[in-house]
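Novice: Residues per chain are reported as follows:
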Amino acid sequence: GIQVEQSPPDLILQEGANSTLRCNFSDSVNNLQWFHQNPWGQLINLFYIPSGTKQNGRLSATTVATERYSLLYISSSQTTDSGVYFCACQPLGGAGSYQLTFGKGTKLSVIP
Amino acid sequence: GAVVSQHPSWVICKSGTSVKIECRSLDFQATTMFWYRQFPKQSLMLMATSNEGSKATYEQGVEKDKFLINHASLTLSTLTVTSAHPEDSSFYICSARDVRLLPFFGQGTRLTVV
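Heads up: the sequence lines are chains A and B, in that order. Taking the numbering used here, I'd label the letters of the first sequence as residues 2 to 113. Taking the numbering used here, I'd label the letters of the second sequence as residues 1057 to 1170.
It should be emphasised that the hints constitute simulated quantities derived from the structure, not laboratory data. Glycine is no exception: its CB is placed at the ideal position from the N, C-alpha and C atoms. Each hint should be verified, as a subset may be incorrect.
[What the hints assert, rightly or not] If you want the footprint, here are the derived chain A segments under chain B, 3+ residues with CB under 8 Å:
1) 44-51
2) 100-107
[To be verified] Facing chain A, a subset of chain B residues (Cβ under 10 Å, in silico):
3) H1063
4) S1065
5) F1090
6) Y1092
7) K1097
8) Q1098
9) E1115
10) N1126
11) F1147
12) L1158
13) F1160
14) Q1163
15) R1166
16) T1168
[To be verified] Listing some non-contacts, in silico: residues in chain A with all C-beta distances to chain B over 10 Å:
17) S8
18) I13
19) L14
20) S20
21) S29
22) N32
23) K55
24) N57
25) L60
Could you put the whole structure together from the sequences, leaning on the hints where they help?
Specialist: Dropping the structure here:
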């Protein structure tokens, strides 16, 4: 099946700093999503972005499908941004093509 | 956006008992729902795909007799952990796919078996 690798595994930021999280995937995708998992475990969808660039406030994401990677940018980080960020991919076609495969996540800690 | 409700949010049960977790799509019909398991500080691992009106498809290594899945209607799927043991303690999350094939996730259920 598709392999999803995220980097870095851990990231500590000073409040106000910017960061870039990366997601590499091994096969063509029909869907790619970025999630934020809060301390209570709730998965919050940030972006549905199989290709192109999207922005939502201080967050933006870019997926270069031809090179099989996606980037999540967090600008002017806040303590409430802390948590685990997951990239999840849905492969294009084939068996199990509607299933999301998750990366191992990036644990972000924003300190005041 | 679409809302998926999962209940209960947390449960503590005695070893040997069974626990049922419900996953409901509140404002859309979901012919397919997915059940994930997440161990502490790890990623989400797909356990099974639940299809309305038919048997669930389990991932390799997941015991179908231990994790019973029922998808009796277009808005409800249930996961029953039978004869639970401490090693079944985990965070269980469901997701439901809407008509656009986008997945929406429930709040998760934290199961502790003592």
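Novice: Under the constraints set out in the numbered hints, which ones does this structure not fulfil?
Specialist: Going through the list in order, the structure violates hints 3, 10, 16 and 22 and respects the others.
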